[in-house]
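Colleague: Here is how the chains run, residue by residue.
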Amino acid sequence: MSAPDTTPYTGTNGNGAAGVRMRGVNKAFGTNTVLRELDLDVDPGERVVIIGPSGSGKTTILRVIMTLERPDSGTIEVGGRQLYHQPAGDGLKPASEKHIRSVRSDIGMVFQHFNLFPHMTALENIMLAPVKVHGQSKEEARTNAFELLDKVGLAHAANQTPGQLSGGQKQRVAIARSLATKPKIMLFDEVTSALDPELVGEVLNVLRDIAEEGKTTMMLVTHEMGFAREVADRLVMFDHGQVLESGPPADVLDNPREARTQEFLGAVREH
Amino acid sequence: MDGLLLEANQYRLLRDGAWVTLQILGLAFVLGVVLSLVVGVGRLSERRWVRGIALVYVEFFRGISSIVLLFIVAIAIPILLGVSQASILMLGSLALGANMGGYGAEIVRGSIQAIPKGQSEASIALNLSNTQRLRYVVLPQALRIILPPFGNLTIEILKGTALVSLVGLADITQAGNFIRQQQLFGDAGTDRTILFLNILVIYFVLAQIINGLFRLAEWRLEKRFSGGEHLTPLDLPEATK
Ligand SMILES: Nc1ncnc2c1ncn2[C@@H]1O[C@H](COP(=O)(O)OP(=O)(O)OP(=O)(O)O)[C@@H](O)[C@H]1O
Ligand SMILES: [Mg+2]
Chain A
3 MSAPDTTPYT
13 GTNGNGAAGV
23 RMRGVNKAFG
33 TNTVLRELDL
43 DVDPGERVVI
53 IGPSGSGKTT
63 ILRVIMTLER
73 PDSGTIEVGG
83 RQLYHQPAGD
93 GLKPASEKHI
103 RSVRSDIGMV
113 FQHFNLFPHM
123 TALENIMLAP
133 VKVHGQSKEE
143 ARTNAFELLD
153 KVGLAHAANQ
163 TPGQLSGGQK
173 QRVAIARSLA
183 TKPKIMLFDE
193 VTSALDPELV
203 GEVLNVLRDI
213 AEEGKTTMML
223 VTHEMGFARE
233 VADRLVMFDH
243 GQVLESGPPA
253 DVLDNPREAR
263 TQEFLGAVRE
273 H
Chain B
280 MDGLLLEANQ
290 YRLLRDGAWV
300 TLQILGLAFV
310 LGVVLSLVVG
320 VGRLSERRWV
330 RGIALVYVEF
340 FRGISSIVLL
350 FIVAIAIPIL
360 LGVSQASILM
370 LGSLALGANM
380 GGYGAEIVRG
390 SIQAIPKGQS
400 EASIALNLSN
410 TQRLRYVVLP
420 QALRIILPPF
430 GNLTIEILKG
440 TALVSLVGLA
450 DITQAGNFIR
460 QQQLFGDAGT
470 DRTILFLNIL
480 VIYFVLAQII
490 NGLFRLAEWR
500 LEKRFSGGEH
510 LTPLDLPEAT
520 K
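Those protein sequence lines, which keep their order, are chains A and B.
When we follow our numbering, the leftmost residue of the first sequence carries the number 3, and every step to the right adds one.
When we follow our numbering, the leftmost residue of the second sequence carries the number 280, and every step to the right adds one.
Only chain B is shown next, with the shape it has when bound in the complex (with noise of 0.2 Å):
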């Protein structure tokens, strides 16, 4: 077993980078979420000129490379735009967010429309606004066949994330990288298929988290659709007695 692991001090530096890649992951993921619901939704728009950004957007966040992108991002921009400080890791962020946010609004809008029309009908029947029927009767159904292909959509993110260490972010690849230099150089010796094996795992491990809280989502949603038990008299409000 002792032969699998590495050092101590090498799991710190692992550790380190793992804070990295969930910190790019966490603000890929929101910026990535918001996007895809509003761009998803502006696909359907009522004005042209929406539904015109929006596919815009699509195409081209679908259509280039995520290396590509985070290039022009990550060092492209901040060097046109004479930023030097701009935070790599933000940076890095938005690219990956922009990205799954291409993807994420074709998901949105496929679900969107495979919610029955009826029940857009009720809502204006109701008389609830554009807003509303959208918050409170479609998303809510849509939800449940968005968080799926959500959930395979943020582990490709994660796995999106290691390409930050081409630009120079200190991500679990990238500490990987690091001990691999000073296996090579210094007097580490342990061998390269343990560290490897050591990273897997750790991607490995977070890819099952992603995927375990998207199964409680999914089943917490589950829940709201299932309902609950028959009222006995006990329980109704006196008004109806």
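If we strip away everything but chain A, and leave its shape as in the complex, we get (with noise of 0.2 Å):
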């Protein structure tokens, strides 16, 4: 089912793009097991949809990877670093906070809720992390903020705040302030679902363009199978936990091996 592992997963591409490799990763919320010994790479640069039933742990993935929860066990590679070991003799010991902060530098991540900062404008926001944590020069900043938000159609709003603006505005200042640190690979999570209908196509327009750039790997969560169909490179259905089934989004979709992924298919279509 999955590619031999002397495939370059790990690691990056010649563009920068960074890999991930998951290993006998668990995660359980008080009795609730939410990830069960999860196994799953990402090449550098590779696009890969996750898609799966509410509750199957879709968030959860991108979650860990983000460092916004700690996995029970397992291990996690990203662009060829452990994210939550070092190095210790023959081994590997628990992270020390600097090493997670500086294996995190390489990850981004765009929420369904966006999360923009609202006592600052479009542009502050997108500075914020370049300033602060990559030690750019204001101008410097503020330079490649505006370029950024030009890309995302949004330049005009420089000066606005989140509270100013559409819900797909706000997405797309959010993938902007995401971009510009750099990102060797982008986790999304739904991030069109909390948008009117109307809005969703200016978002998915934003990660077309990310996509075709191909400077960072892309992990995204979406119900939005037609675009999935469109822009990745892989499927990957999840249930309970773990993959169900991947391969190229045209197999999966019209072809599900699994009985699970039919019915979720099919009652995704339906609605």
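Keep in mind the hints are simulated off the structure, nothing from the lab.
A hint or two may mislead.
Per label pair, the in silico range of CB-to-CB distance [what the hints assert, rightly or not]: (1) Ser104(A) - Pro512(B): 39 to 49 Å; (2) Gly91(A) - Phe504(B): 45 to 55 Å; (3) Glu435(B) - Glu215(A): 51 to 61 Å; (4) Ala269(A) - Arg326(B): 39 to 49 Å.
For glycine and all other residues, C-beta sits at the position ideal for the given N, C-alpha and C.
With the hints as a guide, bring the two chains together.
Modeller: See the structure below:
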């Protein structure tokens, strides 16, 4: 089912995009086991769309990679470096906060509910991390931020705060903010689910552009099957904290092997 | 109208008293704000012992009455330590500031907890450090919740400054007492009701000034949330045209 282990899952590709290798990852909330012995590989530069029923653990996968949730056990490698572990002698030891921060700088995430900073303008939202975390000068960060805003079609909204923007505009600013730190892998958790239907398109267009540029690996959780078919290199069907099946989107969508996948896709289509 | 006013030298006494009151208020406020922030953030620390110390601080300084605290800090401690020269003004401010810190810390803690978790998560995703997250993301938003109750708390401290007359400081209240004694034993024939009315007005005006300053701060903060205008193509930097 999955490709042999000799493929360059880890490390980064020529464009600087980073791969991910998850091995035996477990995560439970109390008695609710959400990720079970999960093995998942993402190639550098690959665009993987994760689908699956509600509560199957899709968000949790992205959150453990973003270090918003700590796995109970297992290892996660990002761009060739262990995320939660550091080399110690022959083995691994739990990573220090400093190590985690260092690996984390390769990862970016865009959230379902945008999570923009409401007390900052669009421009300030985008400039914050480049200036405070990456030590860019304000002028440099401002120029980059304007370029990014222009890229998502919102240069005119630079001085507006999230309260003044529509949902689709907020999400485009949030994407620009995440891009500003040049992540080698970007995680998108249902980034169009909170939007009015007529605003979904403008956000998907921005995602298409990012995919086209190919500078970053993309892991996307979405219910937009048409978009998945068009953009994804691989579709991963997730159920009960494990990969149920995975493959090229056309294969999975048109000829799902597993009954659970057929059931799920049927439910999504009827929707 | 004339009947409502005091004599010029009496106003001079009250003015000097008001200056002492303001000094104590200012010192207590600065200390109170610092303690509120440090202890309020400490209440939410990942480290148990930090949380523990912060909790003990809050419970102690909220539980103890300010007047008892004032006597302990301004009188008992200098005697015990044998420092007779200690400035009562400093010690009085210290007591009031510590008191304010106890209440302020709980306001700060509550306001930080009221900020949606998504704000912290976005900060982590942007790789801000814990301190940066607090400083640039959480506290500026918490301030919106903190300011109104802090205005009230500051006025409480203003009222609390009257207690320092009990440990011998010449604040407004003490100046008032002094004038009262002059009235009783001297020939200044002004009515005591008029005296108290004047003192009341002075406190009232000070409280209104505090109110006004806090309103101004709230207004300025609110402006940050409400954002600016659409930019026209002319406003945009060259690179994006
Ligand atoms: N912080 C948490 N505390 C307790 N339980 C949690 C927490 N986060 C997630 N869960 C539980 O873990 C399970 C998986 O959640 P997750 O959000 O990963 O699912 P999902 O596949 O993203 O679902 P959806 O499509 O509804 O977003 C759910 O049962 C959820 O209730
Ligand atoms: Mg989810």
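Colleague: With reference to the structure, classify each hint as holding or not holding.
Modeller: Evaluated hints:
1. Ser104(A) - Pro512(B): 39 to 49 Å: Given a distance of about 41 Å, which is inside 39 to 49 Å, the answer is holds.
2. Gly91(A) - Phe504(B): 45 to 55 Å: 52 Å, holds
3. Glu435(B) - Glu215(A): 51 to 61 Å: For Glu435(B) and Glu215(A) the Cβ distance comes to about 58 Å; the hint holds.
4. Ala269(A) - Arg326(B): 39 to 49 Å: Since the Cβ atoms of Ala269(A) and Arg326(B) sit about 47 Å apart, the hinted range of 39 to 49 Å holds.
The structure agrees with every numbered hint stated previously.
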